[in-house]
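Chemist: In order, the protein sequence lines correspond to chains A and B.
Taking full-length UniProt numbering, the leading residue of the first sequence gets 1, the next gets one more, and so forth.
Taking full-length UniProt numbering, the leading residue of the second sequence gets 1, the next gets one more, and so forth.
No wet-lab data here; the hints were simulated from the structure.
Computed from a predicted structure; not experimentally measured.
In this text, a Cβ means the ideal position worked out from N, Cα and C, and glycines have one as well.
Possibly wrong hints are sitting among the right ones.
Taking lysine to aspartate or glutamate and the EDC-like style, the derived pairs with C-alpha atoms no more than 16 Å apart in a straight line are [said to hold, decoys possible]:
{"no.": "1", "chain 1": "A", "residue 1": "K57", "chain 2": "B", "residue 2": "D124"}
{"no.": "2", "chain 1": "A", "residue 1": "K20", "chain 2": "B", "residue 2": "E12"}
{"no.": "3", "chain 1": "B", "residue 1": "K57", "chain 2": "A", "residue 2": "D71"}
Selected chain B positions facing chain A (Cβ under 10 Å, derived; list incomplete) [unchecked claim]:
{"no.": "4", "residue": "L21"}
{"no.": "5", "residue": "L44"}
{"no.": "6", "residue": "M51"}
{"no.": "7", "residue": "D52"}
{"no.": "8", "residue": "V58"}
{"no.": "9", "residue": "T69"}
{"no.": "10", "residue": "P72"}
{"no.": "11", "residue": "C73"}
{"no.": "12", "residue": "W96"}
{"no.": "13", "residue": "L118"}
{"no.": "14", "residue": "I121"}
{"no.": "15", "residue": "D168"}
{"no.": "16", "residue": "R170"}
{"no.": "17", "residue": "K173"}
{"no.": "18", "residue": "H176"}
{"no.": "19", "residue": "G177"}
There are 2 protein chains.
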Amino acid sequence: MSTKTTAGPEIERLIQLLAKLPGLGPRSARRAALHLIKKKEQLLVPLAEAMDVAVEKVGICSTCGTVDTSDPCTICSDPRRDASTILVVEDVADLWALERAAALNCRYHVLGGTLSPLDGIGPDDLNIGGLVDRVQAGGVSEVILAVNATVEGQTTAHFVTDRLAGFDVRVTKLAHGVPVGGELDYLDEGTLTQALKARTAF
Amino acid sequence: MSTKTTAGPEIERLIQLLAKLPGLGPRSARRAALHLIKKKEQLLVPLAEAMDVAVEKVGICSTCGTVDTSDPCTICSDPRRDASTILVVEDVADLWALERAAALNCRYHVLGGTLSPLDGIGPDDLNIGGLVDRVQAGGVSEVILAVNATVEGQTTAHFVTDRLAGFDVRVTKLAHGVPVGGELDYLDEGTLTQALKARTAF
């Protein structure tokens, strides 16, 4: 669908750029642009400012690979965090999800994706060397691989485990099972099998 | 759902503002913010610039009420447009949709909404006076009411027709019928009845 409007090249360009955001197509980008223009003072001006601030301040943590306005990031520079446990995730979004769960007061490491030979993504394209360096530097007793339960995620987990084999560190992974609030009827056979195998005392 | 991340108040604020766009909730706003930060040079920087330009340049056409970077807008100032026909729409998005169809080389008038007593939107909240002024100024032979086929749209159309009753101008409305490419089985009874009533020679 065309993004064409009658409103001049500046608005066209705004719509075209908005349409590149995940979750926005050409039609919703037009709606978003109109919404921004109509709410100029309440939304467009503050959003433009927030983006300028992000352009200026946001970067990648050189230790763990997350995005933050400081380097080392808020988590890596927090002395109250347990530095002996590193939770390895594929993406910053996964780190944020685990932080919302607030289950573990640990440090993180963001791989930046998964191994995917078909897409040309090899070990050197991921932040695996940085993880090995952190483990090699000492003080780490456990690395938890919190990668997605996909083929690519599991392949990456195996590769990372191999790379950490020489070090005195425990490598663990997330438990499989029934999601909290999940209904058995809607779950796949693989999940049900894993949940049965890993059953615990009631 | 919380928009909470670990990445500092600047990124929180960017996510909160993005979540106010139509079509983006808290989760997709987080994804959009991450996407922007990861594609800083390709997307975040140009989008921030496009928004700064929009803040500076975009305004409302004082003649027809559309958004544009010039006033009068591109359409109102185009001498090749037939100024004797005014196509009245509820919203700028409708104007853009009709322009993409490119069916009529006419002028427009944007009402900015529909009459809705329950929401406290009366005639003075819409750009109806501006339309009456344009008709009163002369040179207009037809006003086409291209409002939505909703109760509010039709109420607004009746009100606008009443206001234009004293002038020598033809007031028309869009045809009802089967959408091009539409399947009869999926259409409501109202549309089918209107399509039958307005049947034409094959």
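Chemist: Check the structure against each numbered hint from earlier and tell me which ones fail, lowest number first.
Modeler: Numbers 1, 2, 3, 10, 13, 14, 15, 16, 17, 18 and 19, in rising order.
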